[in-house]
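S.K.: These protein sequence lines are chains A and B, in that order. Numbering-wise, this note's numbering comes out as the position in the first sequence, counting from 1, plus 1. Numbering-wise, this note's numbering comes out as the position in the second sequence, counting from 1, plus 444.
Relax, there's no trap hidden among the hints.
Listed next, the stretches of chain A that the computed footprint assigns to chain B, with coverage defined by at least 3 CB atoms under 8 Å from CB atoms of chain B:
#1 49-58
#2 69-80
#3 85-91
#4 105-112
#5 116-126
#6 150-164
Some chain B residues well away from chain A (every beta-carbon gap over 10 Å; in silico):
#7 S454
#8 L483
#9 A518
So, partial list: chain B residues that the calculated Cβ filter (under 10 Å) puts toward chain A:
#10 E490
#11 R492
#12 S493
#13 L494
These aren't lab readings, by the way, just hints derived from the structure by calculation. Glycine included, C-beta positions come from ideal geometry on N, C-alpha and C.
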Amino acid sequence: MLELRGVSYRYAGYAKPVLHEVDLRLADGEIVGLIGPNEGGKSTLCLVASGLAPASIGGQLTGTLTIDGTPAAGLKTHELAERVVVGFQNPNTQRSGIAATVFEEIALGPMNLGLPVPETVARTREAVGRLRLDHLVERDPQRLSGGQAQLVAIASLLAMRPRHIILDEPTAQLDPEGTKLVGEALRALATTGTSLLIAEHKTDLLDGLCHRVIAVDGGRIVLDGPTDTVLGDPRLEGELGVEPPSRVRLARAAEDAGVDPQLVAAALR
Amino acid sequence: MVERASVIASAQRARGLDTEGSIRARLRGILPLAGPVILSSLTEVEERSLALEVRAFGRPGRRQLLWRLPDSTAQLVARAFMVLGLAATILLRLTGTFPRLP
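Could you put the whole structure together from the sequences, leaning on the hints where they help?
M.R.: Structure (structure tokens):
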């Protein structure tokens, strides 16, 4: 379990905190969606929940982050990496630049951990399989399309076999097929007890994937509840500037047009 | 960097920057390119380092290698001879006993 308690965070060089008194709990096997307007604190929350803020980038944190019962304060970045990983939306900045093939790129994490070769290869093969990247393993990681590179970046995180995965807009570069693939892989991971926090603008992805959704605005958690409740909340479009999933929009349009919502729901099924 | 520079050059050209023509015109075009190239590289450094740290890049101790190149005794001996040969050549050259090339 990953738990934030009363966490406020201020970036180094900033006068004011960006996160205020955040309480967040990720149970094992739980998939939590994270939505909110730009500059609302989504990315900062991702960094703080991963422990990299402040462990790597500095800044000032008050409150506590606990990972599987261990306080994150005092853990070194590589010790954090064995417990929780974070992925970003730009695949170019996530590429190591030192691997000659996609296979070695994905294997880099386990190699850094000094794991035996069979274990390194097994983890890499598993990550490759989860994102169906078999046809890319021999390729040069520098010469992939944006979507392929992003899948490789996510696979590189999975090869670390962390207990907790945090993804900051993982599907921004992906086509619908790639988005679906990532969704399936994450769902399968959750069944093995991995907990996931996914910041996304694509609420359709979150709708089918998450057990719970939280919304952050102004550095505070403003909504937290079951996926249906939060994604159906009228404040999404207004205050939060988040487009509700198509299912919700369709139901609303049907209601406005005087069509029985039960009928629409049945048709969607 | 090269990739980034070409993207930025295209973007600046689209906004009317002259990157062709006389040498003076091209030199004038360098500044609007150099600024964004250097600054955007610097801003990316943080995310890059985070992405590596997430993969335990900063871990002390031995890393695992996927490939081990075979290193036979014969190769080891050959390398030792080469190092000795180099040292001997330098020594002979310094003492003047090694013949000079005409």
